[in-house]
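Protein sequence lines correspond, in order, to chains C and B. Numbering follows our numbering, with no gaps: position 331 of the first sequence is 331. Numbering follows our numbering, with no gaps: position 122 of the second sequence is 122.
Take these hints with a grain of salt, some might be off.
Unchecked claim - Looking from chain B toward chain C, a few residues come up when the C-beta cut is under 8 Å (computed): (1) Gly275; (2) Leu295; (3) Ala300; (4) Val304; (5) Asp347.
Stated by the list, open to error - Counterexamples of contact, computed for chain C against chain B with all Cβ distances above 12 Å: (6) Gly60; (7) Ala159; (8) Pro274; (9) Gly308; (10) Ile346.
As the list claims (entries may be wrong) - Computed footprint of chain C on chain B; a stretch qualifies when at least three of its residues, placed anywhere within it, have a C-beta under 8 Å from a C-beta of chain C: (11) 206-216; (12) 282-291.
Because the hints were derived from the structure by calculation, they are not lab data. No residue lacks a Cβ here, since even glycine has one placed at the ideal position from N, Cα and C.
For reference, the chains in residue letters:
Number of protein chains: 2
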Amino acid sequence: MRGGAAELVTVTDEQRLAWVYLSRVVEGPCAPLSALIERVGVAEAARAVRKCDLPESLLGPTEKRRGIDRAERDLEVIGRLGGRVVTPDDPEWPAWRMLGLSQLEPARDAGAAVPLVLWVRGPLSLLESSEQALAVVGARCASGYGEHATAEIAGDLAARGWTIVSGAAFGIDGTAHRAALAAGGVTIAVLACGVDRPYPAQHERLLAEIAESGLVVSEYPPGTTARKHHFLARNRIIAALSEGVLVVEAGLRSGARNTVKWARRLGRPALAVPGPITSAASVGCHRMIREGEALLVSRAEEVVDEVGPLRLSLPGGTRPDPGAALQGDLAAVYAVLPAVGSRHPIDLARQAGLSLPAVRAALPALELAGLVGTDESGWYRIHRRCEEGGEV
Amino acid sequence: MRGGAAELVTVTDEQRLAWVYLSRVVEGPCAPLSALIERVGVAEAARAVRKCDLPESLLGPTEKRRGIDRAERDLEVIGRLGGRVVTPDDPEWPAWRMLGLSQLEPARDAGAAVPLVLWVRGPLSLLESSEQALAVVGARCASGYGEHATAEIAGDLAARGWTIVSGAAFGIDGTAHRAALAAGGVTIAVLACGVDRPYPAQHERLLAEIAESGLVVSEYPPGTTARKHHFLARNRIIAALSEGVLVVEAGLRSGARNTVKWARRLGRPALAVPGPITSAASVGCHRMIREGEALLVSRAEEVVDEVGPLRLSLPGGTRPDPGAALQGDLAAVYAVLPAVGSRHPIDLARQAGLSLPAVRAALPALELAGLVGTDESGWYRIHRRCEEGGEV
């Protein structure tokens with residue numbers, strides 16, 4: 001499924017080495033560095049970092065490791081693992097999945113930024129395997145009920161061709177990956193450490209299995225150990241690679257809620273599975289449903305009802321969702337407009353997690369783009385034929 | 001708690017006998033008869049029925065039993081049971097609870113009508129005990145989990161002074177009554193047969209206990225057996241007597257959903273308790289939550305959050321909820337306007353279960369009444385001080 005060598009020559013060795021060098025310098029998301037690369041290109045940005053010819057905002061983030069240039073060795077290491085580095089210049093880069101991240105305000109979302117590169121192990125194309133993907137996440141301390149529910153729903157979705165994205169943690173994450181593998185489906189594990197490090201250690205074999213038939217992904221270079229803030233940043237990649245996030249069990253203080261928040265910021269639906277009110281492992285799910293942060297689902301069919309309609313695969317690989325071309329607030333507002341019927345700005349604001357002024361600013365822009373219209377009942381999507389949807 | 005003999009003389013013997021006679025003639029809700037009584041008074045209506053001097057619409061409903069006049073004997077029977085008949089003329093009649101029913105369209109809601117009278121056993125005032133009341137209903141085939149959840153929540157609410165209204169059926173209903181009794185609280189059982197008949201028979205002792213400290217209520221005269229259509233009509237009384245309806249467990253085809261529909265038509269909140277997705281007894285609750293018919297609740301505090309705020313008891317018995325004076329669509333629309341913030345008509349229609357034209361008709365009427373306002377963000381409630389709220 002991967003793009004062949006012929007395509008990869010579009011990225012020069014110099015560029016690839018620059019991406020890899022920078023990935024190790026900042027170790028994780030770095031919005032000012034992404035902005036610099038956007039402005040001057042990756043090779044020039046790498047030169048600037050090496051020479052410390054940098055804006056104020058980049059002095060801190062690059063200080064510790066700007067002297068470490070082991071990009072060639074890193075590429076050797078990942079190659080020996082049977083892996084690769086995927087850069088934004090590669091055809092395999094899931095650009096349209098990452099668009100939303102590029103438009104979040106870093107000041108508002110700590111760690112918000114497109115990953116510089118993604119380190120990847122596994123035989124599949126990152127682009128294609130994230131085309132129809134759902135995140136399934138939840139409590140590390142899952143109950144037997146939660147693991148059963150995860151196995152049922154994730155297995156069913158994987159069997160229907162949905163890629164299951166998760167974080168390889170104990171509990172719900174691990175069960176979701178295993179269910180996808182058992183169903184002969186595709187699964188992607190996004191790690192908070194290098195893809196060469198089995199984390200948690202007890203999941204070494206599971207991660208090896210995922211790397212054989214699916215993908216193990218990380219924005220951290222090989223050898224990086226998992227740190228606390230890596231997990232929150234990692235969650236944004238899980239959300240970004242997926243069409244929506246399903247939480248099966250979550251306690252009151254759950255990392256899953258953080259993934260749900262990323263999904264909502266990205267304008268993607270959040271879903272949660274209910275459980276007994278007597279179970280502490282379901283308290284977080286119930287709260288998210290009750291507070292309108294997530295929609296209750298009980299079965300794979302209901303999940304597909306919520307995340308499916310806009311992602312019908314078309315022959316030739318074109319996607320009929322005009323909203324996929326959108327970014328930031330525009331994407332978030334468009335995403336919460338219903339497929340049928342209309343909504344009022346205040347409801348859109350609530351659902352998108354945006355302020356009313358932000359929604360009021362986004363709607364006329366969407367209208368100018370011909371994507372939405374308005375009448376006395378509110379704002380609605382303008383549906384075009386698929387043939388016209390090639391503007392992505 | 002009941003009004004004393006001094007108050008009861010406001011109802012003449014002739015009127016009381018007329019109510020009782022008519023109650024046996026129609027056995028249950030009869031909108032055309034209610035309309036006739038409204039127009040000519042109960043004594044005159046009874047005379048018209050006896051003489052068969054009736055509009056077309058009343059010939060059928062009165063045909064079978066118009067010749068049976070055993071009103072005096074019925075009063076004797078109910079007296080021997082330690083019970084009484086409560087008529088709309090009695091001070092104990094919960095008039096403001098019944099207002100919503102009187103405004104439903106009978107053509108749209110089969111069986112919609114204010115009950116002619118209520119036959120009552122028990123030491124409490126129907127008016128006072130339904131002042132702060134919640135319906136707790138659910139599956140006959142309840143699971144151990146459902147019974148546990150019911151006992152927890154209903155017991156907790158009863159201990160906080162909420163009257164628990166239910167239907168005395170097996171499963172959730174019976175558990176809810178028992179939880180209220182165990183908490184030393186008040187409970188009302190609304191039956192689909194005469195209050196002299198223990199139904200189900202296995203609940204004879206439970207019903208006797210309820211009649212000792214709470215209330216057993218029915219619109220059917222003593223001796224009436226439970227028929228299938230009685231249960232649906234009975235559900236409207238459960239909903240009408242309550243501030244909201246809580247469903248603990250419900251299968252796909254559950255009577256509880258019918259009670260929820262009545263509550264929604266009356267503009268009262270519907271709440272549902274989630275459970276394991278593996279349990280058939282929770283499927284109906286999950287569907288109601290998922291489809292926005294009911295709000296997920298896990299604890300008594302959450303129930304009070306939803307049904308409590310507008311019903312703060314004030315000294316002197318005045319209620320600060322101006323919406324309680326409303327009827328029919330007006331009540332339904334007002335009830336779904338949020339306490340804070342605004343809504344668009346289309347959202348109000350969805351939430352109130354009304355058509356958009358019905359909502360568009362109701363809003364200007366509410367505006368004229370000074371209860372709501374509108375601006376560019378939608379329609380909102382106008383909040384008045386409690387002192388000004390005496391228009392009920």
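Numbers of unmet hints, in rising order
The structure breaks hints 3, 4, 8, 10, 11; every other hint is satisfied.
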